[in-house]
Amino acid sequence: MNIYCRDNDLILEGVLDFDIEDTLECGQCFHFARLAEKEYGLVAFGKYLHIRQCREGETSRENSFILYDTSMKDFNEIWKSYFDLDTDYGIIKESIIKADERLADVILKHSGIRILRQDFFETLISFIISQNKQISHIKQIVHMISEKYGQQILTKSGRTAYAFPTVEELFDVSEEELRECKVGFRAPYIRQAVCKVHEREIEGDMLKNMSFYEARERLMSIKGVGEKVVNCVLLFGLSFTSAFPVDVWMKRIMEEMYFHKDTKKDVIETFAVELFGKYAGYAQQYLFTYGRDMGIGK
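First residue of the sequence shown? That's 235 in my numbering, and the numbers climb one at a time after it.
Note that these hints are calculated values from the structure, not bench results.
In this text the structure is predicted, and so the values were computed from the model without any measurement.
Where hints are given, some of them may not hold.
[Said to hold, decoys possible] Each computed EDC-like pair below joins lysine to aspartate or glutamate, with the alpha-carbon atoms no more than 16 Å apart: (1) Lys343 to Asp253; (2) Lys462 to Asp500; (3) Lys390 to Asp243; (4) Lys382 to Asp339; (5) Lys390 to Glu292; (6) Lys457 to Glu403; (7) Lys430 to Glu403; (8) Lys462 to Glu451; (9) Lys416 to Glu437; (10) Lys499 to Glu461; (11) Lys332 to Glu508; (12) Lys343 to Glu461; (13) Lys485 to Glu461; (14) Lys272 to Glu292; (15) Lys272 to Glu259; (16) Lys272 to Asp251; (17) Lys343 to Asp256; (18) Lys281 to Glu259; (19) Lys485 to Asp496; (20) Lys430 to Glu414.
[Stated by the list, open to error] Cβ-Cβ distance ranges computed for the label pairs, FRET-style: (21) Gly460 to Glu335: 44 to 54 Å; (22) Glu335 to Thr394: 42 to 52 Å; (23) Gln386 to Leu269: 40 to 50 Å; (24) Gly460 to His432: 35 to 45 Å; (25) Met306 to Phe446: 29 to 39 Å; (26) Glu433 to Asp500: 41 to 51 Å; (27) Glu448 to Val501: 19 to 29 Å; (28) Ser329 to Gly392: 43 to 53 Å; (29) Ser329 to Cys429: 23 to 33 Å; (30) Phe446 to Glu489: 33 to 43 Å; (31) Lys343 to Lys512: 38 to 48 Å; (32) Gln368 to Ser455: 26 to 36 Å.
Yeah, the Cβ is synthetic: ideal placement off N, Cα and C, and Gly gets one too.
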């Protein structure tokens, strides 16, 4: 990968295994907006990023990106890790294909899916919100909470963006106020999660230093954090890459591909981890895309 500055923008050329659309639109994050084809505005770690994937021939090397109004300091401290750019996805994809050759075509077609390394607290609250919600609704609620309780971010382009509120900013927000943001029955779950993080009963750094099962058990002490939510938080907010979230769609996809009968979610999860090992979380993204492309689970 070649990186250089042009005016106030940062140019990344020759980025392997990265597609901004496939990465953002696969249901792992909710704090972004599509501005145009392969062009997005997103907020993470209190910063706004306007990113565009370049058209073929626009730069000297294939698969290049423009990060508008971005410093090398912010790239090194935030965006390189956020987009997981130091991870060799070639090795991951080879391992997944070896486990199941049926995924080779979808991995080739969607070779740019990456697992984002997101803020733990925002990920926790976002996936509590996500229960029984469509992605468009989750995004609306995340934006509403950010606009109401988060810090405004002034962008050089004139766009208005809002950071997801910190635990301190959400601590004094009541269940009734949360319900005004359309979270419904999830309000007490969010409130309890905020309190546990605020009182340091649960912290991202603490959980990262635990084993997978210890971190899972601690997170599930929060009311409303069930198996699907906890695996999403472990995978997308804590980088436990063996986590394998199983929602209703993934259940149907796995049943059709591997079990051919109604199967409990915990059995599916155990099977996936045994099959794909430490890359089960990555495999889940490709399996979901495979199911969508093949019309499985609909």
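Comparing the hints with the structure gives:
Proposed proximity of Lys343 and Asp253 is supported: the alpha carbons are some 11 Å apart, at most 16 Å. With a C-alpha separation of about 10 Å, the suggested pair Lys462 and Asp500 falls inside the 16 Å cut-off, and the hint holds. For the proposed pair Lys390 and Asp243, the alpha carbon gap of about 11 Å is at most 16 Å, so the pair holds. Between Lys382 and Asp339, the direct Cα distance comes to roughly 43 Å. Violation of the 16 Å bound is thereby established for this hinted pair.
For the hint linking Lys390 to Glu292, the alpha-carbon distance of about 24 Å lies beyond 16 Å, and the restraint is violated. Between Lys457 and Glu403 the CA atoms are separated by roughly 21 Å; this puts the pair beyond 16 Å, and the hint is violated. Taking the CA atoms of Lys430 and Glu403, the gap is near 14 Å; set against the 16 Å cutoff, the hint holds. As the CA atoms of Lys462 and Glu451 are separated by approximately 13 Å, the hinted pair is consistent with the 16 Å bound.
Simply put, Lys416 and Glu437 have alpha-carbon atoms about 26 Å apart, too far for the 16 Å limit, and the pair is violated. Restraint check for Lys499 and Glu461: satisfied, since their Cα atoms lie roughly 9 Å apart, inside the 16 Å limit. Our distance criterion of 16 Å between C-alpha atoms is met by Lys332 and Glu508, whose separation comes to about 13 Å. Between Lys343 and Glu461 the alpha-carbon distance is near 30 Å, which puts this suggested pair outside the 16 Å criterion.
At roughly 13 Å between alpha-carbon atoms, Lys485 and Glu461 fall within 16 Å of each other, so this suggested pair holds. With a CA separation close to 14 Å, the supplied pair Lys272 and Glu292 stays within the 16 Å bound. With a C-alpha separation of about 11 Å, the suggested pair Lys272 and Glu259 falls inside the 16 Å cut-off, and the hint holds. For the proposed pair Lys272 and Asp251, the alpha carbon gap of about 15 Å is at most 16 Å, so the pair holds.
A distance of roughly 10 Å separates the Cα atoms of Lys343 and Asp256; the hinted pair therefore holds under the 16 Å criterion. For the hint pairing Lys281 with Glu259, the CA-to-CA distance comes to about 20 Å; that exceeds 16 Å, so the pair is violated. Straight-line distance between C-alpha atoms of Lys485 and Asp496 comes to about 9 Å, which keeps the hinted pair within the 16 Å bound. For the proposed pair Lys430 and Glu414, the alpha carbon gap of about 22 Å is over 16 Å, so the pair is violated.
At about 33 Å, the CB distance of Gly460 to Glu335 disagrees with the hint of 44 to 54 Å. A hinted range of 42 to 52 Å holds for the C-beta pair Glu335 and Thr394, which are about 48 Å apart. For Gln386 and Leu269, the Cβ-Cβ distance of about 19 Å falls outside the hinted range of 40 to 50 Å, so the restraint is violated. Hint check: Gly460 to His432, Cβ distance near 22 Å, so the stated range 35 to 45 Å is violated.
Restraint check, Met306 to Phe446: a C-beta distance of roughly 35 Å satisfies the suggested window 29 to 39 Å. The hinted range of 41 to 51 Å is not satisfied by Glu433 and Asp500, whose Cβ atoms lie roughly 30 Å apart. A hinted range of 19 to 29 Å holds for the C-beta pair Glu448 and Val501, which are about 22 Å apart. Ser329 and Gly392 have their C-beta atoms about 45 Å apart, which keeps the hinted 43 to 53 Å range intact.
Range check, Ser329 to Cys429: Cβ separation about 40 Å, and the 23 to 33 Å hint is violated. Our hint of 33 to 43 Å for Phe446 and Glu489 is violated, since their Cβ atoms are close to 24 Å apart. A hinted range of 38 to 48 Å is violated for the C-beta pair Lys343 and Lys512, which are about 24 Å apart. Between Gln368 and Ser455 the Cβ separation comes to about 28 Å, which falls inside the hinted range of 26 to 36 Å.
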